[in-house]
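> Please work from the sequences and hints to get the whole structure.
2 protein chains.
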Amino acid sequence: MQEQVRVVVDAMGGDNAPAEIVKGAVEAVNSRPDIKVIFTGRKEDIERELQKYTWPRDQVEIVHTSEVIETAEPPVNAIRKKKDSSIVVGMGLVKKGEADAFVSSGSTGAILVGGQVLVGRIKGVERPPLAPLIPTKTGVSLLVDCGANVDARPGHLLQFARMGSIYMESVVGVKNPRVGIVNIGAEEEKGNALVKETFPLLKECKDINFIGSVEAREIPQGVCDVIVCEAFVGNVILKLYEGTGSVFMSMIKKGLMSSLRSKVGALLIKPALKQTLKSFDASEYGGAPLLGLNGLVVKSHGSSTAKEIKNSVIQCVSFKQERINEKIRERITEQND
Amino acid sequence: MQEQVRVVVDAMGGDNAPAEIVKGAVEAVNSRPDIKVIFTGRKEDIERELQKYTWPRDQVEIVHTSEVIETAEPPVNAIRKKKDSSIVVGMGLVKKGEADAFVSSGSTGAILVGGQVLVGRIKGVERPPLAPLIPTKTGVSLLVDCGANVDARPGHLLQFARMGSIYMESVVGVKNPRVGIVNIGAEEEKGNALVKETFPLLKECKDINFIGSVEAREIPQGVCDVIVCEAFVGNVILKLYEGTGSVFMSMIKKGLMSSLRSKVGALLIKPALKQTLKSFDASEYGGAPLLGLNGLVVKSHGSSTAKEIKNSVIQCVSFKQERINEKIRERITEQND
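If you're matching them up, the sequences are chains X and U in order.
Read the first sequence against this note's numbering and you will find it ends at 329, with the numbers running on by one and no gaps.
Read the second sequence against this note's numbering and you will find it ends at 329, with the numbers running on by one and no gaps.
It is possible that some hints are incorrect.
Same chains, same names: a pair is fine if it fits in one copy or spans any two.
Taking lysine to aspartate or glutamate pairs in the DMTMM-like style, the calculated list, with each CA pair at most 25 angstroms apart, reads [stated by the list, open to error]:
1) K266 / E234
2) K129 / E234
3) K182 / E65
4) K74 / E181
5) K188 / E118
6) K231 / E207
7) K75 / E207
8) K15 / E(-5)
9) K35 / E62
10) K266 / E210
11) K231 / E210
12) K75 / E181
13) K182 / D143
Just so you know, the hints here were simulated from the structure itself, not pulled from any lab data.
Bear in mind the structure is a predicted one, so any value in this text is a computation, not a measurement.
Shown next, in the form of structure tokens:
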């Protein structure tokens, strides 16, 4: 039997905790025998939710924790003080090697801080970036960094490009992934100071398939597989992606309800539209891994439903089986030698 | 009779020059008696296009220029060397007071450089920002700066907020416009170094209706009237806005063509969808003004059609009649005293 991948799931994090979190994690273990879920959180809350489902006993465990880190709490303080929170205890299990991965929809700040402080960085990795997959016209692209390291330096972006390439190649299965840097024009002399300094360095890297600048307009087209940028810019891209999509949809829906004719039409197009939207639904792709840690930390969306949690848990299996962290360690060590 | 607003239109700039440019400008003079258009560009090309239409003789003039600045040319060099280009001559007319405004769909770089070097800044304005109106769910917001000043400093962003407020109040007619700063979280302590430094300064400005941080996700909702950000971020926002919209539409169209049922539905919803899309069409709002110059410079989209050019020209009338530059001069001088 294949070795089980042990995934800690933070049952207390996110807008829909614990109900959707527990549901999604149960769906994950029911779909694959090679996953073991370890919930951290208030035992009675988790058990109450678990009662609604059936699942293989040996694939689910609960580690009771009494505290919860709220989204609004200053992250550094929260991580330091709430020793018995679902996040701190869960990351501790990864740190001690008692689990392979940690999935949470809780406070992004606390997860970023905890990942660095509790789980720790792979030797040589300077800044672990948050790297979600975003849907495009032709598939998915990895956006790295989308929120972990504001005001990053060129060397950090190079590491983002490397780690992102490994992820896209090994987890998503894209051969020789194309790496682009977010810029405000196609030419090498365009950009802000950070991009101008990083561009020639990326060009020199023989182990990176660098295709040059990518304008934000081209991102939804799927022009590259790994989109490298500083975290502030990446966060703006990720959130605007979500924001325009949802406003666009609500406006179209409103438009469709404006006349009897369009209402009839709306009924007819519903199945086709649903299919189209599914391919543009980020929750299909699970959460965002924090790359470059001694273990895997996955941040799923604060508003995650069971589907995203399920996909986030399953994502941890490929990450472990494809030995992503070993590959990152090798590649970063090579470069630093 | 009301005084005419004299608008120089660069007949050579943009993907659709000169045909769409001339067409749009003629539509503008035909729609209002208070506009005079002065074309700069190759006389024979402009005359050939003009022959297709009728228009009041005293509202159109041609100033022949022999050179054209291409989009790919390094801007500083182009402005310096091509003295007889449609951009340099056109901006010169504004500088000399022989025209009130200059509209071009040509090289953004050349227009930004030319605006500063040839037309010149209003005394006290440090960096003139490019400020397009972007469509939102509830109307429009002004995005300032969307590409003129990468790596700006906090003091620049304060001026963007002031000039943007004047524009929204006087040209768009929004009373006491709400100003937000683009950030990656709602709390004051979030953000990169620039935002953290700018936030408290904006809060202190009594003449700015500052509502705090705005996340990119909220921008399409129309949560504020003036969106302040550094140019790299603003450019990413503007282009991603365009990019997601167009990919989304092409995917929906493709989805609608996928079955007979959805094809019939598509026919029925077409009018309603068209109306919805119109309200989200940036070209309805003309081009982007470069704020804070001694005269008005408007950059319209490189792919502008006649409609955007017409709207860009008409936009110059409100700008002049509402005495935007006088208001900017007064407000900036007050602050610097």
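> Hint compliance check: list the failing hint numbers for this structure, sorted ascending.
Violated: hint 7 alone.
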